[in-house]
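So the sequences go chain by chain: R and G.
Just so we're aligned: 410 in this note's numbering is position 385 of the first sequence, and the numbers increase by one with no gaps anywhere.
Just so we're aligned: 168 in this note's numbering is position 143 of the second sequence, and the numbers increase by one with no gaps anywhere.
Worth flagging that the hints you see were computed from the coordinates, not collected in a lab.
Where is the CB? At the ideal position from N, CA and C, for every residue including glycine.
Any given hint could turn out to be false.
As the list claims (entries may be wrong) - Between beta-carbon pairs, the in silico distance windows are:
hint, chain 1, residue 1, chain 2, residue 2, range
1, R, 174, G, 80, 53 to 61 Å
2, R, 108, G, 65, 51 to 59 Å
3, R, 172, G, 121, 52 to 60 Å
4, G, 170, R, 175, 42 to 50 Å
5, G, 142, R, 161, 12 to 20 Å
6, G, 195, R, 274, 55 to 63 Å
To be verified - Derived PhoX-like pairs: lysine-lysine, alpha-carbon spacing no greater than 20 Å straight-line:
hint, chain 1, residue 1, chain 2, residue 2
7, R, 357, R, 297
8, R, 52, R, 152
9, R, 223, R, 305
10, R, 376, G, 104
11, R, 445, G, 152
12, R, 357, G, 104
13, R, 347, R, 305
14, R, 379, R, 297
15, R, 500, G, 287
16, R, 379, G, 152
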Amino acid sequence: MAKQVSPGVLALRKVVEDVYREAREAKERGELVGWSSSKFPCELANAFGLHVVYPENQAAGIAANRYGELLCQAAEDLGYDNDICGYARISLAYAAGKRAARKFDPETGEYIIDPSTGKPMKDADGKAVIDEATGKPKKDPKTQTPYMVLDDLNEIMALPDGVEKERRLAAISPIRQMQMPMPDFVLCCNNICNCMTKWYENIARMHNIPLVMIDIPYNNTVEVDDTYVAYIRGQFDKAIKQLEEISGRKFDEKKFEEACANANRTAKAWLKVCDYLQYKPAPYSGFDLFNHMADVVTARGKVEAAEAFEQLAVDLEETIKKGETTTPFPEKYRVMFEGIPCWPKLPALFKPLKEHGVNVTAVVYAPAFGFVYNNMDEMVRAYCKAPNSVCIEQGVDWREGICRDNKVDGVLVHYNRSCKPWSGYMAEMQRRFTNDLGVPCAGFDGDQADPRNFNAAQYETRVQGLVEAMEANQKAKEA
Amino acid sequence: MSAIYTLGIDVGSTASKCIILKDGEEIVAKSLIDVGAGTSGPQRAIDTVLANADMTREEMDFVLATGYGRNSLMGLADKQMSELSCHARGASFLFPEVHTVIDIGGQDVKVLHIENGTMTNFQMNDKCAAGTGRFLDVMARVLEVKVEDLGRLGAMSQKTVGISSTCTVFAESEVISQLSMGTDKCDIINGIHRSVASRVTGLVHRIGMVPEVVMTGGVAQNTGVVKALEAELDCPIHTSPLTQYNGALGAALFAWQAACRKSR
Numbered sequence: 026m027a028k029q030v031s032p033g034v035l036a037l038r039k040v041v042e043d044v045y046r047e048a049r050e051a052k053e054r055g056e057l058v059g060w061s062s063s064k065f066p067c068e069l070a071n072a073f074g075l076h077v078v079y080p081e082n083q084a085a086g087i088a089a090n091r092y093g094e095l096l097c098q099a100a101e102d103l104g105y106d107n108d109i110c111g112y113a114r115i116s117l118a119y120a121a122g123k124r125a126a127r128k129f130d131p132e133t134g135e136y137i138i139d140p141s142t143g144k145p146m147k148d149a150d151g152k153a154v155i156d157e158a159t160g161k162p163k164k165d166p167k168t169q170t171p172y173m174v175l176d177d178l179n180e181i182m183a184l185p186d187g188v189e190k191e192r193r194l195a196a197i198s199p200i201r202q203m204q205m206p207m208p209d210f211v212l213c214c215n216n217i218c219n220c221m222t223k224w225y226e227n228i229a230r231m232h233n234i235p236l237v238m239i240d241i242p243y244n245n246t247v248e249v250d251d252t253y254v255a256y257i258r259g260q261f262d263k264a265i266k267q268l269e270e271i272s273g274r275k276f277d278e279k280k281f282e283e284a285c286a287n288a289n290r291t292a293k294a295w296l297k298v299c300d301y302l303q304y305k306p307a308p309y310s311g312f313d314l315f316n317h318m319a320d321v322v323t324a325r326g327k328v329e330a331a332e333a334f335e336q337l338a339v340d341l342e343e344t345i346k347k348g349e350t351t352t353p354f355p356e357k358y359r360v361m362f363e364g365i366p367c368w369p370k371l372p373a374l375f376k377p378l379k380e381h382g383v384n385v386t387a388v389v390y391a392p393a394f395g396f397v398y399n400n401m402d403e404m405v406r407a408y409c410k411a412p413n414s415v416c417i418e419q420g421v422d423w424r425e426g427i428c429r430d431n432k433v434d435g436v437l438v439h440y441n442r443s444c445k446p447w448s449g450y451m452a453e454m455q456r457r458f459t460n461d462l463g464v465p466c467a468g469f470d471g472d473q474a475d476p477r478n479f480n481a482a483q484y485e486t487r488v489q490g491l492v493e494a495m496e497a498n499q500k501a502k503e504a
Numbered sequence: 026m027s028a029i030y031t032l033g034i035d036v037g038s039t040a041s042k043c044i045i046l047k048d049g050e051e052i053v054a055k056s057l058i059d060v061g062a063g064t065s066g067p068q069r070a071i072d073t074v075l076a077n078a079d080m081t082r083e084e085m086d087f088v089l090a091t092g093y094g095r096n097s098l099m100g101l102a103d104k105q106m107s108e109l110s111c112h113a114r115g116a117s118f119l120f121p122e123v124h125t126v127i128d129i130g131g132q133d134v135k136v137l138h139i140e141n142g143t144m145t146n147f148q149m150n151d152k153c154a155a156g157t158g159r160f161l162d163v164m165a166r167v168l169e170v171k172v173e174d175l176g177r178l179g180a181m182s183q184k185t186v187g188i189s190s191t192c193t194v195f196a197e198s199e200v201i202s203q204l205s206m207g208t209d210k211c212d213i214i215n216g217i218h219r220s221v222a223s224r225v226t227g228l229v230h231r232i233g234m235v236p237e238v239v240m241t242g243g244v245a246q247n248t249g250v251v252k253a254l255e256a257e258l259d260c261p262i263h264t265s266p267l268t269q270y271n272g273a274l275g276a277a278l279f280a281w282q283a284a285c286r287k288s289r
């Protein structure tokens, strides 16, 4: 039976689809489209009614669709080091016109199917159909996809109009992330990471377009200093002037207030959704939160996002009342997943967790996008608080609070090769979690977008070790 | 009541080890084959240990597999467990006072924290062979010595030579350049041991060292590495002649627990 999707989840999917569709349509009409970092104050762009899309969200989607390696390598071929964030490499390759395209066979006139793709074919009883010749499960041809190769949009557009040009344009992957319109301006806020600054400067230079930069200093203290607020408010004023020049419109106070109200409403509903993970058993998995993050990133200033999250909260309330969960296995252990998931390896990431009944009931990355504020100063302070812009004391406090509230038995830490600032202080955090919370922690190496940095066998051993340590811990507590 | 026989199999990346235990106490037989996961090693190790004990698979009350290749024995073993817990259990059996286990295997390094004989936390190396048994294999090959002679040769060192601990490939280049400069092999070997120790010490400090400290795995047979680690950690380290079998021993002990539960 097909998995039932709740109205809230369907609404959330539509919100993201609409953001990208509207941006594509705007571009076709000759309107401006911007690229924005995930934690740039979107309320500013909303005040001008500008269409904005999000390279981080795009890179995560490209990685999850298994095109990450192709684009990371393309960026490396352009001269970007493989030590740079995988999202940045994917985005820079895309900005340079590199595209994942379906491999075409000129002889047959069809795309060449990759035999390793696709889901197993099932019979009427839901059992896998075995291929007599190979003894292995048969693949459902409808779910199989072609090999992906790299193509270059600039090269294609330079071709004379004709069959070859049309064929190559048609071969570009139809997923929405591969159809994102090119930028006319970029909005960068380095609260989420510092690599962002150079990444966006590169895009701006590549396309010779304006860069709107909001620099958020690293917070060495838990409280945001007043001088920081003044410094950032000054930059907000400058950003507004720049956006007036870019758009040719005046700053619309009313639209700005609407966007702020929507962003607050979205944040409150989002945090409510996050808090449902406190229930035991949790009504859903923390991995689902990662999927919904696309909405918080791309549309938090839109009323549709607020409404969709409020609907999701209603759906979850219902799920809890019925004592149900969308997690496809009984919850035996609850863990905090630290860091961004390895998008290209989600099935491999999920497999041992499912095998051992481990549900992710706490994630710090997701609620970190829930900004709630009442005025401009508070808005500035809210944008100062991002996982990579706060000191370790604040970082530990956030995480330990979530671990306690969400009743975790252990912590699984992703040492993310793409995110050195995040992974760098994890060793110390692990020590604190063990001391303060009395739960075991396991770390594994991986990457948010580049599949070459993840090893499934090593990961499985670490998860199994964590499960065995959690089991021992539980027994000791019971004794 | 008849005796309970259990078999523990540790399929590592470079070797396959088996132990048969009687009543969770007495080692009846053991075997070690110098090839590991994905080879004929695991089956040969099982055949050998059964032959050594003059027993059959059917006479085993419970079979538990561990190690990197544990899942390749799905049909043969009754259960699979991670090598982390098995090393913890094996070390606790050999040294009941243990709180920290350092296991250096063929391709990974583990540091385990033990409370009352049970693993409560652990740290493992990242995706890098520096500091592992494979690192020493590569160095021994470049130096044209047997890996089992490294400890003895390193003890004859007269001078300190620094070898990088960040990367096996770079360390190999350093060893080659030291050789080309005419540096004594014993000094280079001693430098290699200190390089391994420095790498592993970082992991030990991450989890926090609590005595007694036990070292397990094939590399624990290398007295040079053990001494270098003792110096780095400023703490005595216990080893056992059964060090290479420690994972299999832990697996056989867990198997005995499971067999007892089954027979209740």
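To see whether the hints hold, each was checked on the structure:
| no. | hint | verdict |
| --- | --- | --- |
| 1 | R/174 with G/80: 53 to 61 Å | holds (57 Å) |
| 2 | R/108 with G/65: 51 to 59 Å | violated (40 Å) |
| 3 | R/172 with G/121: 52 to 60 Å | holds (57 Å) |
| 4 | G/170 with R/175: 42 to 50 Å | holds (47 Å) |
| 5 | G/142 with R/161: 12 to 20 Å | violated (43 Å) |
| 6 | G/195 with R/274: 55 to 63 Å | holds (57 Å) |
| 7 | R/357 with R/297 | violated (24 Å) |
| 8 | R/52 with R/152 | violated (47 Å) |
| 9 | R/223 with R/305 | violated (43 Å) |
| 10 | R/376 with G/104 | holds (18 Å) |
| 11 | R/445 with G/152 | holds (15 Å) |
| 12 | R/357 with G/104 | holds (19 Å) |
| 13 | R/347 with R/305 | holds (13 Å) |
| 14 | R/379 with R/297 | violated (25 Å) |
| 15 | R/500 with G/287 | holds (19 Å) |
| 16 | R/379 with G/152 | violated (24 Å) |
Hints 2, 5, 7, 8, 9, 14 and 16, counting from the list given before, are not met by this structure.
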